[in-house]
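Q: Knowing the structure of chain A, use the given hints to seat chains B and C on it.
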Amino acid sequence: MADLVMPVLGADMKAGELVAWLKRPGDRVQKGDVFAEVDTEKAVVEVESMFSGVIERLLLSPGDKVPVGAVMAVVRTEGPEEVAPPSPAVAPPAAAQRRAGPRPTIAPAAAAGRLRVSPVAQKLAEEKGIDLSTVAGTGPGGRVMLRDVEEAATRVVARPAAAAPAPADRALRMRQSIAAAMSRSHREIPHFHVESVIDMSRAIAWLTAENARRPVAERLLYGVLLIKAAALALRKVPEANAVWAGDHVEPKAAVHVGVAIALPGGGLVAPAIHDTDKLSLGELMAKLRDLVQRARAGRLRSSEVSDPTITVTSLGEQGAESVFGLIYPPQVALVGFGRLTERPWVVEGRPELRKVIHASLAADHRALDGYRGSVYLAEVERLLQEPESL
Amino acid sequence: MTTRPARGRKAAGQSHDLDLLRGMLRIRRFEERCSDLYQLGKIRGFLHLYIGEEAVAVGAMQALTPDDNIVSTYREHGHALARGMPPTSLMAELFGKATGCSRGRGGSMHFFDAERRFYGGYAIVGGGLPVAVGLALADKMTGRARVTACFFGDGAVAEGEFHESMNLAKLWDLPVLFLCENNLYAMGTALDVSQSVTDIAFKAQAYGVPSRAVDGMDVLAVEAATKEAAASVRAGGGPQLLELRTYRFRGHSLADPELYRSKEEVERWMERDPIATFTERLRDLELLSDAGLQKLEEGVKGEVEGAVAFAEESPWEPVDDLLKDVTAP
Amino acid sequence: MTYRESIRSALRDALRGDQRVFLMGEDVGRYGGAFAVSRGLLQEFGPDRVRDTPLMESTFLGAGIGAALNGMRPIVEIMTINFSMLAMDQVLNNAATLRYMSGGQLNVPLVVRMATGGGRQMGAQHSHSLEGWYAHIPGISVLAPATVADGRGMLLAALQEPDPVFIMEHATLYPMEGEVDEASGPCDIRKAAVRREGTHVSLITYGACLWKALAAAEQLAKKGIEAEVVDLRVLRPLDSETFLASVAKTRGAVVIEEAWRTGGLAAEVSAQIMENAFDVLDWPVQRVGGAEVPAPFAKQMEDASLPQIEDIVAVVEANLV
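Protein chains in written order, with our numbering: chain A, 5 to 394; chain B, 4 to 332; chain C, 612 to 932.
Looking at chain A on its own, in the form it has when it is part of the complex (with noise of 0.2 angstroms):
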């Protein structure tokens, strides 16, 4: 058997037309008969066969558009084959990354109003911790100039240079920053906490055999489940994806999950992940992922650092039982996931040992209700039984 295949019938050519058949099952064709007619958008062309034999199968119909290549009819041959089955067509080795040449650093836009200083100018003045508004710019449209810096380096009193922070000097302000939040939590946030004690039983099952068809690369944590229902449940619980607008709560129409990552080095950054209900688990999975990479790497934007609705922190496997936390304002709630550990559990009235995890809400008591918590930590409840919806 023999495949006749839609041919490449001009330089441009990516894919074809069947326009008619000229042959029909059973017919006896000789290499270089005409078999159909095809359109290649260019002209409609007879298309040759290249083997000779019986047609046995016709796979198109007219009317039907397929990438060359592509197997139009199968032809029975008889004899030796005249023509050994060629090898797909290889595409030569992509092409490596050719550098470009030296890649120019461009400066931003200088925005309307924004003091023009040039590149060279501007050098000076920050290796001598010159403040530009301070100088005066005698180049054209009032541009500071390379003179303009040396005049003001002989004459203002340099302020202390704004070097880039020691390694130490960061994670001080950074415990700095994160004292001067929960001070303020504490201080400004009514929290009040609701918990439940979660079967994870069915969720972890359902993980382990999810895992079991995706490659290593594309594997998840079900820390990603937690994620999931945390943001999913909000749909019962609306208020709760919310912040705090000084007097009154402002829901948000986008759920983006922050979630907690510890800093190696100390310190905790909750960063957001954009859309969070919207993302399957494996999108889910990669974002965080990358996430916690940038964290960690002190990359983060500053859109996922403003951007969280609510916060997920979950503990792992060195955490405690059960975490209630600190709300992050103005955000309005925070889930807490403590570690996953194995539990006696009831289940048709006997005893037996089941993987369970505590989920806690702490949440602003202006913006939700001890039973609206509870509603949401259901839905999370809920949720996490039906890992597959996730």
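Any given hint could be a false lead.
Claimed, not checked - To give an idea of the interface, some chain B residues facing chain C are shown, with a C-beta separation under 8 angstroms as derived from the structure:
# : residue
1 : P69
2 : G137
3 : A161
4 : G163
5 : G241
These are computed hints drawn from the structure, not numbers from a lab. Small disclaimer: the values here were computed from a predicted structure and weren't measured. Backbone N, C-alpha and C define an ideal beta-carbon position, used for all residues, glycine too.
A: For chains B and C alone, kept in the frame of chain A given last:
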């Protein structure tokens, strides 16, 4: 015009005839294989087949020595094969492999072989004629008795460079043998739609270049005419032009739906298939048997399949060599 | 001697010294050359070595390619860059491409000389400066001799190159007097030259504009601005190292050429400075080029369409003073 071989040819003559036939068969089978490979996506870009015109390349090459220069066009596979360029290196070039005659840099339209003095392979119609004139100029200036054979099509006759080259070659008495393969169509434009005077040989005569028309479907006629013309050119008689009247049985390229000519016309010309008619003649003269023909075919098929295998197995030029040979290292 | 005499001296020495060298072009023989560069050469070397061609730029440049392929060292003279458009196909698709397309088997040691530029009221079809179009093409080199010494040295150097060289001689320079050692040989054809040292601004240019730049530098010096003048000399491949080093020193550049501003070679130089010297610049690179008009005939109009000394001075002052 056809020549009749004398009865009772010597063995050498028979061997020569078989060489002619083998040369034409080699081109035919190579081109047919290229057509398949192109349709399968193994050969990319353009493909201009020489099927039907084999008698011209094979016949004309008989008049040339290894020292002579050859300039061709984008429909050059036949000339390259007839010149002796190995099918392996041509097929590899068509595949774009590093072992191709142009190292994969040229493709179907740009075959080059410095050793065999095959100077391309030009994709701009008429673009090779001035280069041929220059090659001949160098030979004349240095007193070398060489011929520069310049193949081009009827389409090139419309380009200014044809007229300029005729003029300059005659004015300076340059040893160029202009070989116009008139297959009646420049892509889809018939000769009589593009030329006020369609007699190409006559045009050359207007520049003082001796010329005549030859039956391009008859390999012996082509051979005889080219030998005669080349001898004159080589002896310092100045340029000559032969208008070889031939026909391509396939379209201009594989994308050509051939809307500009009738099937009947193609079939009429196919009755004068240079390979079929020559084979018949040799059979009639009992210079070729069925077994002999089969042996030729098998031999040619082996060469072609060997070329395909070579091309398949050959490596690609590394991308890191992109900037090599733009200018001297 | 004059620029034209300098080139003629190189032609003469080349024809004498290497039998492979010959000159061909329109009116190079009996007429003595449209710009009198080849006067007397036909008489000295005969019609085989100094060949008058019919008016067929494409074919005689193509024939130059063929002859170069086959062992000769032709010098093709195209009367002006304006007529070279008729030969562009041979330049682009054959001369520049044969080495690469043949996988390195062939090379084309061809030298092509042509007169270029405007400023002589020759009208729109005879005043083009298209050096930038040639400098765009990989596979060839492009030279712009601006001094009498370079007129000789560059031609002799070009004849040693294995690949095509295009020498662009600005027509207004032919009668210019200057210094040259008549016994000198090939000069460098890879590097630009600093013709005047300075510290406040780099004036980067080529061809006839060199002299305008130098004059502008003199005027600027009176105002306390010391301009460095860089003569590019080689338009392809550009000697970036030299002009970048100049800009690193002066921190500002004005690139000057006669060609139309849009997409001119000055844009390439400007982009390279931007890419490689961004942080040392005190002000954005400026360009002075031809106005976006076909060359007018009337004197005041043509003058207004071409870069003048005052234009160069004005641009420097606008940015530095």
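Q: Would you mind marking each hint as holding or not holding in the structure?
A: Hint-by-hint comparison with the structure:
no.	hint	result
1	P69	violated (15 angstroms)
2	G137	holds (2 angstroms)
3	A161	violated (14 angstroms)
4	G163	holds (7 angstroms)
5	G241	violated (15 angstroms)
The structure fails to meet hints 1, 3 and 5 from the earlier list, while all remaining hints are met.
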